[in-house]
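Participant: Line order of the protein sequences matches chains A and B.
All residue numbers for the first sequence refer to the UniProt record's numbering, where the first residue is 1 and numbers rise by one.
All residue numbers for the second sequence refer to the UniProt record's numbering, where the first residue is 1 and numbers rise by one.
Be a bit skeptical, because a hint or two may be false.
Because identical chains cannot be distinguished in the list, a pair is counted as satisfied if it fits within a single copy or across any two copies.
Stated by the list, open to error - Think about it this way: if two alpha-carbon atoms lie no more than 30 Å apart in a straight line, the pair counts; the simulated DSSO-like pairs of lysine-lysine are:
no.: 1; residue 1: 91; residue 2: 173
no.: 2; residue 1: 70; residue 2: 158
no.: 3; residue 1: 160; residue 2: 172
no.: 4; residue 1: 66; residue 2: 212
no.: 5; residue 1: 91; residue 2: 191
no.: 6; residue 1: 160; residue 2: 173
no.: 7; residue 1: 172; residue 2: 70
no.: 8; residue 1: 70; residue 2: 6
no.: 9; residue 1: 91; residue 2: 212
no.: 10; residue 1: 130; residue 2: 91
no.: 11; residue 1: 91; residue 2: 42
no.: 12; residue 1: 6; residue 2: 173
no.: 13; residue 1: 66; residue 2: 173
no.: 14; residue 1: 191; residue 2: 70
no.: 15; residue 1: 91; residue 2: 158
no.: 16; residue 1: 66; residue 2: 42
no.: 17; residue 1: 6; residue 2: 160
no.: 18; residue 1: 42; residue 2: 160
no.: 19; residue 1: 6; residue 2: 66
no.: 20; residue 1: 70; residue 2: 130
No wet-lab data here; the hints were simulated from the structure.
Protein chains: 2
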Amino acid sequence: MPGIDKLPLEETLEDSPQTRSLLGVFEEDTAATSSYFSQLFKAMQRIYDAQNELSAATHLTSRLLKDYEKQRFPLGGDDEVMSSTLQQFAKVIDELSSCHAVLSTQLADAMMFPITQFQERDLREIVILKEVFQISSDDHDTAVNRYSRLSKRKENEKVKNEVMEDVYTSRKKQHETIMHYFASLNMLQYKKKIALLEPLLGYMQAQISFFKLGSENLTQQWEEFLTNIGTSVFNMSSYQLHYIKIIMSQ
Amino acid sequence: MPGIDKLPLEETLEDSPQTRSLLGVFEEDTAATSSYFSQLFKAMQRIYDAQNELSAATHLTSRLLKDYEKQRFPLGGDDEVMSSTLQQFAKVIDELSSCHAVLSTQLADAMMFPITQFQERDLREIVILKEVFQISSDDHDTAVNRYSRLSKRKENEKVKNEVMEDVYTSRKKQHETIMHYFASLNMLQYKKKIALLEPLLGYMQAQISFFKLGSENLTQQWEEFLTNIGTSVFNMSSYQLHYIKIIMSQ
């Protein structure tokens, strides 16, 4: 139904069938929004959890490499080239795990926070307002019923006034709650757009920062380091090949 | 024990206490190596699994955004700006998930493959060779026992020859297996260095490619896109603020 995007607050007092029907459409839309956001929330939570796990596993790997020299290997304990190479690896991998940790924090603040707020505050508010509206409608119905039974019997003026007062108060309360409910449903149409775009923007900004951090600060120094290590490994491989030949010639 | 790094193959025939003791040191070192690699393997497996999960979760998020326009929202179905914005987000996030998938593949080939090979082929080989060596030693002991019992009794020449032949064959077999076992233990001292450095190099190269891919191809086009979206969201937020003011003035 294109074009419909606002519940008329000015018609809340009338409570017409048209308004009720329009309310139904808004409630359906809210249900569809809830369901869609719930899926998106789960997907983003998976990204966030995986990013945290990646950060932790990278940190663990770095720590294991750092601990290499503390291992009590009965042989090759004097292999300082190997130890210092692994220390360097530990250092660069630790830097990488710091980048991952920064990314995790940014995802928490700029992606998970806004989408969680929308789920737990804005969508939850609608559910509560619907309940409050339902309760105040029931209260009003009760008061109106009491009033209609009143007119058939003879009652004293005091009771009559009390019931009248009750009808008035509950009507006023119902009107307030429906106003609040309608206003929140209207607001949700705007909030849901922000709630979709804000975490996505946060996600993208965090990724861009991560790539920048990685490529500007780390890549260059890593490449130099890797060229050196690469040469060592190549030499080691040559030595290994040489050794294999010796063994085979025995 | 610095300096020790080779089991003497030329002494395998003698089977001296010194050689046996040195073998013990190599076996201890192999056990320590196994234990260290097992921890490192688990940490790398965690990185790899987290990277795969990140790749999958990113892809899922992109797919959900792509599916936004297929959702049957009763309201705002005509919101083409929102739909096309989310399509663009879906596209860039899908590109990012492709980068993650490339990284996953590289980690599989250049990190998980070599460390798995070392675990399942090289370290496993040592275990098997030790068993084979044990069996051939037992066979030789049995043959020698039979021979020593022979000399006390009078046997016919044929049986004597058979037992002699058996001692010779089992001794030859034992010597072959100990040679093989020693050679593999010696080789392991070199292989373990390669097995440490190769997956780390693979890991680093994969990360560098990932950062390059991300910063060269994606970051720039993303930033332009985000500037546009940022403006839209800012406008939307202004509109939202404006709307809140209208509601509050009612």
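Participant: Run every hint past the structure and note whether it holds.
Facilitator: Verification of the supplied hints:
Proximity of residue 91 to residue 173 under the C-alpha cut-off of 30 Å is found in neither arrangement, the shortest distances being 65 Å within a copy and 48 Å between copies. For the identical chains of this complex, residue 70 and residue 158 are neighbours neither inside a copy (91 Å) nor across copies (60 Å), given an alpha-carbon limit of 30 Å. For the identical chains of this complex, residue 160 and residue 172 are intra-copy neighbours only, at 18 Å inside a copy versus 118 Å across copies, given an alpha-carbon limit of 30 Å. Taking the shortest Cα distances, residue 66 and residue 212 sit within 30 Å of each other both inside one copy (27 Å) and across copies (27 Å).
For a Cα distance limit of 30 Å, the shortest separation of residue 91 from residue 191 across copies, 23 Å, qualifies, whereas the shortest one inside one copy, 44 Å, does not. Within a single copy, residue 160 and residue 173 get their C-alpha atoms as close as 20 Å, which meets the 30 Å cut-off; across copies the closest is 114 Å, which misses it. Taking the closest pair of Cα atoms, residue 172 and residue 70 never come within 30 Å of each other, the shortest separation being 76 Å inside a single copy and 41 Å across copies. Taking the shortest alpha-carbon separations for residue 70 and residue 6, only the inter-copy value of 22 Å comes in at or below 30 Å, while the best intra-copy value is 68 Å.
Taking identical chains as interchangeable, the C-alpha atoms of residue 91 and residue 212 lie at most 30 Å apart whether they share a chain (19 Å) or sit on different chains (20 Å). Neither within a single protomer nor between protomers do residue 130 and residue 91 lie at most 30 Å apart by alpha-carbon distance, with minima of 56 Å and 37 Å respectively. For a Cα distance limit of 30 Å, the shortest separation of residue 91 from residue 42 across copies, 20 Å, qualifies, whereas the shortest one inside one copy, 34 Å, does not. Proximity of residue 6 to residue 173 under the C-alpha cut-off of 30 Å is restricted to the intra-copy arrangement: shortest distance 22 Å within a copy versus 91 Å between copies.
Within a single copy, residue 66 and residue 173 get their C-alpha atoms no closer than 67 Å, and across copies no closer than 43 Å, so neither meets the 30 Å cut-off. When the C-alpha separation of residue 191 and residue 70 is checked against a cutoff of 30 Å, the pair qualifies only between copies, where the shortest distance is 20 Å, while the shortest distance within a copy is 55 Å. In this homomeric assembly, residue 91 and residue 158 never come within 30 Å of each other (Cα to Cα): the closest approach is 85 Å inside a single copy and 70 Å across copies. For the homomeric pair residue 66 and residue 42, the shortest alpha-carbon distance between copies (16 Å) is at most 30 Å, but the shortest distance inside one copy (36 Å) is not.
Taking identical chains as interchangeable, the C-alpha atoms of residue 6 and residue 160 are never at most 30 Å apart, the minima being 39 Å within one chain and 108 Å between chains. Taking the closest pair of Cα atoms, residue 42 and residue 160 never come within 30 Å of each other, the shortest separation being 56 Å inside a single copy and 79 Å across copies. Proximity of residue 6 and residue 66 under a CA criterion of 30 Å is satisfied inter-copy only: 26 Å between copies versus 61 Å inside one chain copy. In this assembly of identical chains, residue 70 and residue 130 lie within 30 Å of each other by CA distance solely across copies; the values are 27 Å between and 63 Å within a copy.
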